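Q: Kindly produce the complete structure, drawing on both the sequences and the hints.
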Amino acid sequence: MKLLKYVKTRDLQPIVSAIEHNTWFTGLDLSGVKMTGETQAEVLKVMHKNCLIEDINLSNTGITVEFVVKLGTAILSNTGSQLTRIDLSKNLLDDRAMISFLGSLSNLSRGLSHLNISNTKLTGKGLNKIFELMTQHDSIFGGLQVLNISDNSTKGEDLQNMYRFLGNPNNITHLDLSGIECALENLMVALQRGCTSLTHLYLSKNVYTHKKKEIAVQPSWKQFFASTCSLEYLDMSYCKIPVDALKELMLGISSNMHLTNLHLNVAGNDFQQTGSINIESTIANIHNIASLDISNNNLDHGLATLLPWIKTNKSLKHLSIGRNFEHVKQKQLPTVLDGIVQLIQDEDCDLESLSLADSKLKHHISLVINALGRSNGSLTELDISGNQMGDFGARMLSKALQINNKLKTIIWDKNGVTSQGFEDVADALEKLKNCESLYLKEFHNEKMPTPVNDMVVAQQRSPEKTEAAIQRLLPQLQDVADRSTGEDNPVGKRLKELSDDLKKVLDNQMKKTVEDMLECTTKQFTAINQR
Numbered sequence: 001m002k003l004l005k006y007v008k009t010r011d012l013q014p015i016v017s018a019i020e021h022n023t024w025f026t027g028l029d030l031s032g033v034k035m036t037g038e039t040q041a042e043v044l045k046v047m048h049k050n051c052l053i054e055d056i057n058l059s060n061t062g063i064t065v066e067f068v069v070k071l072g073t074a075i076l077s078n079t080g081s082q083l084t085r086i087d088l089s090k091n092l093l094d095d096r097a098m099i100s101f102l103g104s105l106s107n108l109s110r111g112l113s114h115l116n117i118s119n120t121k122l123t124g125k126g127l128n129k130i131f132e133l134m135t136q137h138d139s140i141f142g143g144l145q146v147l148n149i150s151d152n153s154t155k156g157e158d159l160q161n162m163y164r165f166l167g168n169p170n171n172i173t174h175l176d177l178s179g180i181e182c183a184l185e186n187l188m189v190a191l192q193r194g195c196t197s198l199t200h201l202y203l204s205k206n207v208y209t210h211k212k213k214e215i216a217v218q219p220s221w222k223q224f225f226a227s228t229c230s231l232e233y234l235d236m237s238y239c240k241i242p243v244d245a246l247k248e249l250m251l252g253i254s255s256n257m258h259l260t261n262l263h264l265n266v267a268g269n270d271f272q273q274t275g276s277i278n279i280e281s282t283i284a285n286i287h288n289i290a291s292l293d294i295s296n297n298n299l300d301h302g303l304a305t306l307l308p309w310i311k312t313n314k315s316l317k318h319l320s321i322g323r324n325f326e327h328v329k330q331k332q333l334p335t336v337l338d339g340i341v342q343l344i345q346d347e348d349c350d351l352e353s354l355s356l357a358d359s360k361l362k363h364h365i366s367l368v369i370n371a372l373g374r375s376n377g378s379l380t381e382l383d384i385s386g387n388q389m390g391d392f393g394a395r396m397l398s399k400a401l402q403i404n405n406k407l408k409t410i411i412w413d414k415n416g417v418t419s420q421g422f423e424d425v426a427d428a429l430e431k432l433k434n435c436e437s438l439y440l441k442e443f444h445n446e447k448m449p450t451p452v453n454d455m456v457v458a459q460q461r462s463p464e465k466t467e468a469a470i471q472r473l474l475p476q477l478q479d480v481a482d483r484s485t486g487e488d489n490p491v492g493k494r495l496k497e498l499s500d501d502l503k504k505v506l507d508n509q510m511k512k513t514v515e516d517m518l519e520c521t522t523k524q525f526t527a528i529n530q531r
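Sequential numbering of the sequence shown, starting at 1, is according to full-length UniProt numbering.
I should point out that these hints are in silico values taken from the structure, not numbers from a laboratory.
Model, not experiment: these values are computed from the prediction.
Heads up, a few of these hints could be off.
Heads up, simulated DSS-like pairs for lysine-lysine below, C-alpha to C-alpha not over 27 angstroms straight-line [to be verified]: (1) K406 x K433; (2) K240 x K125; (3) K90 x K45; (4) K311 x K329.
A: The structure is reproduced here in structure tokens:
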């Protein structure tokens, strides 16, 4: 039941109360709803009696420490509880309440498969106690598939009990430890031993080690990346990973014959030019990375030598390199950007998506935009938002739109574009819409999000001109959006199929209900006549 967030507060209590005896819904989703005391009381009644609810989501509901303790008691007293998924994230709780709650789950016959206690103000000591409890109750927590404890600051606490729990054989596929400040060099030992089913691993805003001196890359670091079998998404952004550890990470992935289409995010690690050298020494031979995010790493001039190597990688489809140009001198920017031009134009490059977001390239972004006119055809998505290109860049973009017929997605907000720039882009889209040329009618753009930020700023500076330009531009952007959801769009087709299937199910259900009502009425009428 996931629509309760749209219900008025006064109507919420009776609806939740009705679920106490329901035999239909298997989930209770109150996420984002600030529950009153009365509604909280009804939730406790539901969890005390209902034997059908499998999933409860109380994320960001304002629940208190006292409520969580009572919720645990209610679940414990329900011997028929079918609960397997719990989300208490984004609530101001504490160690005592969470330990008490998790300790109350000992009677769950099916055990937990999903647990989200992220951003609940837990401490390092509290997490150690929680993982000790989870290790002791393997029948409840041993079957976890999704575990999220992110954004609970441990302040460098040694999380030995967490490493011990994760080091035991488990079924976890999605693990989120972002922002808990754990040491990754210790974590990898545990993950290699116990977490053999991982598909999604989120480790951003942690640290490689808590050591201040003599930092060495342990063999277990590379061994995890070389041996993991199912990993699809790996986020190690903003972890201060040493450049030597970066190289071992890349070599480990390169040697792993089990991985395919890995999405790797190592943004914000301040690799600088040394890191750029380590990436270029391995990237050409990596066959299993489909998406690479190396943005905000101060690569600067290192991009000039790195990009030619990236161009030779045949598996890489998505690349994010924004915020890497801050220390490149203006006169040297064209040399660095030439590598990006080659990515766009070289026929041997298979890159499909490129992000230069928040790079503040100003008028130099025109070098990239102009390259779209001679694109190799594989690039279908481009993000040039946050580059301060102004109206000059918008004019260049409008010209590129009339030439390039392969781009499907263009993101261009936060560029300081004014009413004149909006007029130029609107002109280009109108020409494409009305053009009789077969070449231009093959324009495939499916997604060109409205530049809301630029429109707001421009509206404040020149209301009348901006309003007129927006009135011309918005219908064109709507046409682009309509094409992406048209009948020929695979997503649109699938949604229509699901809608048709749902209609059939509801029609059959209604027909059966009417038949049952008629049968019941007939029996009642017959019984009355017989009297």
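Q: Determine which of the earlier numbered hints do not hold for this structure and return their numbers in increasing order.
A: none
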